[in-house]
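This is what each chain is made of:
2 protein chains.
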Amino acid sequence: MDYNKRSSVSTVPNTGPIRVGFIGLSSFKGWAIKTHYPAILQLSSQFQITALYNPDIGTALSTIRTLKLSNATAYSTLESFASSANVDMIVLSIQVSKNFETLIPLLEYSKTNPNLKYLFVEWALACSVQEAETIYKMAAERGLQTIISLQGRKSPYILRAKELIHEGYIGDINSIEIAGNGGWYGYERLQKSPSYIYELGKGVDLVTTAFGHTIDLLQYMTGSYFSRINSMVFNNIPEQDVIDEHGNRTGQRVSKTVPDHLLFQGTLLNGNVPVSCSFKGGKPTKKFTKNLVIDIHGTKGDLKLEGDAGFAEMSNLVLYYSGIRANDYPVTNNNNSNGNDSTNNNNNGPNGYDAGKEIMEVYHLRNYNAVNGNIFRLYQSIADFHFNTKQIPHLPTQFIMQGFEFEGFPTLMDALILHRLVDNVYRSNILGSTLDVSSICRYP
Amino acid sequence: MDYNKRSSVSTVPNTGPIRVGFIGLSSFKGWAIKTHYPAILQLSSQFQITALYNPDIGTALSTIRTLKLSNATAYSTLESFASSANVDMIVLSIQVSKNFETLIPLLEYSKTNPNLKYLFVEWALACSVQEAETIYKMAAERGLQTIISLQGRKSPYILRAKELIHEGYIGDINSIEIAGNGGWYGYERLQKSPSYIYELGKGVDLVTTAFGHTIDLLQYMTGSYFSRINSMVFNNIPEQDVIDEHGNRTGQRVSKTVPDHLLFQGTLLNGNVPVSCSFKGGKPTKKFTKNLVIDIHGTKGDLKLEGDAGFAEMSNLVLYYSGIRANDYPVTNNNNSNGNDSTNNNNNGPNGYDAGKEIMEVYHLRNYNAVNGNIFRLYQSIADFHFNTKQIPHLPTQFIMQGFEFEGFPTLMDALILHRLVDNVYRSNILGSTLDVSSICRYP
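Note that the protein sequences, when read in sequence, are chains F and H.
Note that our numbering gives residue 180 to position 180 of the first sequence, counting from 1, and the numbers run on in steps of one.
Note that our numbering gives residue 397 to position 397 of the second sequence, counting from 1, and the numbers run on in steps of one.
Hints in this document: simulated from the structure, not taken from any laboratory.
Do not rely on the hints blindly, as some may be mistaken.
The list makes no distinction among identical chains, and a pair is therefore deemed to hold if it is satisfied within one copy or across any two copies.
[Claimed, not checked] In silico DSBU-like cross-links for lysine-lysine, where the CA-CA straight-line distance does not exceed 30 angstroms:
no., residue 1, residue 2
1, K287, K357
2, K192, K300
3, K357, K192
4, K29, K202
5, K357, K117
6, K287, K137
7, K202, K117
Sequences are here, hints too, so could you generate the full structure?
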């Protein structure tokens with residue numbers, strides 16, 4: 001098991017830390033302060049925040065003061081921020097709908113920063129597959145190593161499941177079922193919720209976010225993209241009741257244009273495996289099952305992932321495994337299976353599968369904080385790559401995509417492929433067609 | 001609750017029993033002797049076997065002797081059997097692939113039997129929707145009251161679930177998920193299994209049988225047909241290993257043309273409800289979930305049906321209900337929901353839904369034998385209709401279809417609608433299209 005071995009970033013690297021220029025970090029609120037910032041703080045020998053961009057310079061300065069970012073400079077223009085030679089990696093963590101208008105000039109201006117090596121963007125990359133493709137191309141032309149925060153790929157549960165599948169513990173995959181509940185797209189809306197998460201086209205919705213992350217993880221675990229897919233997208237709850245922080249209705253009703261239900265089914269390229277998948281929004285949440293269930297049935301064992309919320313990338317999960325240990329597979333003895341050898345056959349069972357050797361295992365880290373844990377592990381893998389902490393011989397200085405490798409991290413190319421899948425999900429619904437998606441992993 | 005009240009067939013009717021002419025009853029083997037025969041035996045004041053058809057007259061005579069059918073005559077030709085005036089109801093329980101060639105002459109010959117009133121056929125009615133339509137029309141022209149053995153509609157679990165939905169116990173249906181495991185369509189085949197159940201076009205397969213029965217029950221419970229559907233049908237296991245009765249491989253491999261996996265998704269006509277459904281074949285069966293799971297999520301409660309096999313119509317099930325009692329619904333008070341009334345609102349919760357009043361119930365008849373229990377209840381409902389044991393005023397002497405009524409029993413029209421759905425499932429897969437099925441319940 002060379003892959004997936006423990007990160008060595010606890011070692012202090014010989015070279016200086018990766019200098020991070022951040023767009024979207026505020027000490028007041030938001031995702032970055034809860035997830036990216038603790039990761040950078042824990043990896044302080046590997047990462048150092050040296051620049052903050054905010055058009056409101058006061059906010060940037062205040063964040064620097066509050067977080068005591070003694071090495072950081074505040075920038076109020078994209079041009080000055082992007083061209084600062086004091087930055088090795090730019091992290092973008094803002095509303096998806098602002099990504100395109102920010103990244104295009106940023107990448108242009110950044111040409112004057114000779115040290116810039118990494119660009120780290122939150123999923124979703126953009127509001128449309130066209131925008132995503134443009135961003136991808138510009139970043140590639142700029143020669144940057146990119147990172148997309150499909151951070152569920154770093155979840156210990158996902159990696160363990162991937163490992164069990166990869167090592168043959170469940171045999172060939174026979175079929176897969178996924179059911180998720182994407183919390184907030186329901187009958188009610190919290191008054192304090194930002195309205196953009198209920199507006200279609202803003203890059204944050206049940207399909208792009210809840211389904212997007214989860215199906216990326218499914219592909220990553222199984223090591224296969226889809227060959228054909230069909231989907232039906234529903235907005236059955238076009239109006240929501242606004243509720244206050246106590247759960248009381250305010251009497252206000254507001255319109256919702258993002259979907260609240262998704263039916264998706266498809267076939268994995270590898271093995272023509274049927275995948276049934278549904279995501280729903282709306283409370284009451286499910287009573288008799290978890291809000292996230294991924295069932296993977298194999299010829300020699302089963303895997304089940306369960307989570308309390310339909311957001312696999314930031315939920316603490318439970319992984320169940322049932323099957324027989326790979327090393328315990330009885331030697332198959334087909335030549336003797338002519339009836340003369342029925343005693344032996346009886347021992348091993350009809351499939352060379354001995355039910356007596358069946359085991360069940362449960363993987364669960366009781367106190368794992370998946371919200372920042374997976375982001376932390378993503379930063380860890382960037383450091384592993386940058387400092388080659390695993391001392392991998394001939395490690396390239398760049399790679400285009402992670403694909404289904406254990407090592408590395410997802411890139412904008414991985415993001416682009418996922419954007420194409422999401423785009424096909426919406427198209428399948430509109431066209432009323434089953435679509436061939438077997439070539440969406442091509443380069444632009 | 002007028003519907004679904006206890007059958008009164010234990011009362012001895014004033015008129016004589018329904019005289020049954022049976023095709024496919026053999027004391028040696030088969031489905032009929034295990035299911036139809038015990039039902040008729042238990043309802044001996046309501047049903048009496050008076051005729052047996054078998055081209056091999058010896059088998060018919062032997063069955064009459066063995067079962068001591070003292071009132072029964074053996075017939076070796078369809079013509080003599082069908083024209084016998086001593087028969088009120090013909091029951092057909094043979095291989096589906098023989099239904100059409102049997103029913104067409106049977107219906108023709110039966111014109112000389114003035115007493116024939118009922119025709120009872122096993123599901124599936126025929127091998128194709130065209131054949132089913134022809135049979136339906138001939139039986140209608142012949143003026144017969146028909147019965148199809150979609151017997152799951154008589155399952156106490158299905159009826160209780162239907163009742164809970166009908167009476168508003170779960171509010172509006174929000175989404176539905178179904179996952180079934182259709183046992184035998186897997187990697188292995190028992191040597192003694194008849195080969196026709198593995199050959200496509202014989203009317204017995206994962207889609208027609210396992211899915212067909214289950215989706216009929218879903219429609220029946222929810223009271224809605226589908227508006228649009230999409231499906232993908234798989235034959236991922238085109239060859240099976242033959243195993244003997246001890247579970248040992250014989251070394252023989254045989255071809256299989258019926259599907260082993262089905263992905264189905266669709267939208268209910270009523271409420272545009274998303275339905276996600278998958279059926280799989282093949283062992284190992286599921287480790288972490290039951291082989292049949294139907295999850296129905298409502299705005300005010302959830303229902304879950306579980307069974308040990310993907311054959312809802314002949315499995316003993318467990319029905320779980322979570323929600324609030326219909327009679328306990330707090331009075332909705334929307335006019336006051338302007339914030340001035342927050343104390344009251346707090347009591348009732350944001351949806352007029354009081355979590356404190358939430359209850360959970362489990363329905364399970366531990367020793368219920370669903371294999372013949374549901375068939376028995378189907379016979380019971382025929383007797384209820386024939387003798388009007390529930391003393392329903394103005395009960396018509398015939399009805400075309402059961403549709404979604406609690407009373408009555410499914411007819412060939414119900415069967416025809418289901419055949420059309422099954423046909424569309426296969427067509428959707430071949431065409432790669434989402435299909436509009438909103439008009440499949442039209443009369444021919």
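Q: State the violated hints by number, sorted upward, taking the hints as numbered earlier in the document.
A: 5, 6
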